[in-house]
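Undergrad: Read off the chains here:
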Amino acid sequence: MAGLDPLIHAPTRLELVATLSGVSEAEFVTLRDALDVSDSVLSKHVSALVEAGYLHSRKGVRAGRRTTWVGLTPVGRQALRDHVVAVRRLIDAVE
Amino acid sequence: MESIPDDPHSALAAADDARSRLTTSLRLPAGFYPLLATGIAVQVGAAAYGIAAQTVTGVAIALAGVAVFLAVAALVLHRFSRINGVRVDGLASQVVLVAGARASLVYLGALAVAIVAAFDSRWWLVAVAAVAAGFGCALGVRHWWHAYRQDPVTHARGASPRVLAVLAVVACLGCATLLVLG
Chain A
579 MAGLDPLIHA PTRLELVATL SGVSEAEFVT LRDALDVSDS VLSKHVSALV
629 EAGYLHSRKG VRAGRRTTWV GLTPVGRQAL RDHVVAVRRL IDAVE
Chain B
0 MESIPDDPHS ALAAADDARS RLTTSLRLPA GFYPLLATGI AVQVGAAAYG
50 IAAQTVTGVA IALAGVAVFL AVAALVLHRF SRINGVRVDG LASQVVLVAG
100 ARASLVYLGA LAVAIVAAFD SRWWLVAVAA VAAGFGCALG VRHWWHAYRQ
150 DPVTHARGAS PRVLAVLAVV ACLGCATLLV LG
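Top line first, the protein sequences correspond to chains A and B. Note that the first sequence covers residues 579 to 673 in this note's numbering. Note that the second sequence covers residues 0 to 181 in this note's numbering.
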């Protein structure tokens with residue numbers, strides 16, 4: 579069974595990938611508001627997870643202005659699944 | 000070595016809450032179901048007429064029906080994306096492919112009735128079948144939407160916009176070929 583994933587272990591990153599697991603893609607601003615974080619914090623986490631292959635991002639246009647869309651890749655989806663299983667296993671072990 | 004979360008319970012709960020905050024805030028655009036039902040009804044009615052007519056005009060009308068439906072589908076999905084700032088491929092699949100089992104049965108049944116009725120020139124029955132198809136498919140999407148709100152992770156996935164666009168083109172070309180050869 580897979581262990582805890584250090585890339586999505588941090589609370590904000592776990593919230594980010596969990597949030598994206600409920601949609602196909604989300605706009606950067608929508609994610610920022612849902613996670614209640616600053617642009618720079620979200621940007622840093624998105625960049626790191628894109629580099630790891632967990633997220634994909636693309637530029638788009640919404641209401642006439644440029645925006646960034648972010649989505650979970652199959653690798654990221656599997657990583658989230660494995661991480662949640664590992665955390666639950668940890669909880670079971672403690673309890 | 001694995002590091003252990005300070006509070007694994009809280010970490011998972013916070014992640015679930017974050018996802019719920021986003022998915023429970025999603026709204027369907029105004030007029031979503033009536034527009035969708037109308038688009039499907041027009042497509043079914045036009046297809047029935049086109050198949051029964053078996054003329055070039057009939058082919059053109061059937062294809063126009065498909066075009067109307069695709070335009071309506073693109074419009075409602077674009078509006079959904081614009082007001083919510085998210086894309087949900089599962090919703091797009093439900094709208095464009097009538098992906099639910101019950102909705103698919105209603106659609107195919109109503110289309111069959113409409114085609115048979117069109118061959119008999121019973122246009123009132125074509126209209127009834129077309130409206131039933133639209134209503135049934137809209138109900139199917141409504142059912143999916145409620146299921147998605149309950150369990151977004153399971154229901155979010157579906158065919159991507161690119162795949163749907165390719166399928167739409169293939170469907171149009173296939174319909175045209177069948178009608179012309181028929």
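Keep in mind that the hints were calculated from the coordinates and are not lab data. Note that this is a predicted model, so its numbers are computed, not measured. Hints should not be assumed to be uniformly reliable.
As the list claims (entries may be wrong) - Just a few of them, taken from the derived set where beta-carbon distance is under 8 Å, the chain A residues facing chain B:
| hint | residue |
| --- | --- |
| 1 | LEU592 |
| 2 | GLY600 |
| 3 | ALA604 |
| 4 | ARG610 |
| 5 | LEU613 |
| 6 | SER616 |
| 7 | SER618 |
| 8 | ALA626 |
| 9 | GLU629 |
| 10 | ALA630 |
| 11 | GLY631 |
| 12 | VAL665 |
| 13 | LEU668 |
| 14 | ILE669 |
Every residue gets a Cβ at the ideal spot worked out from N, C-alpha and C, and that includes glycine.
Undergrad: Of the hints given before, which are not true for this structure?
TA: 4, 6, 7, 8, 9, 10 and 11
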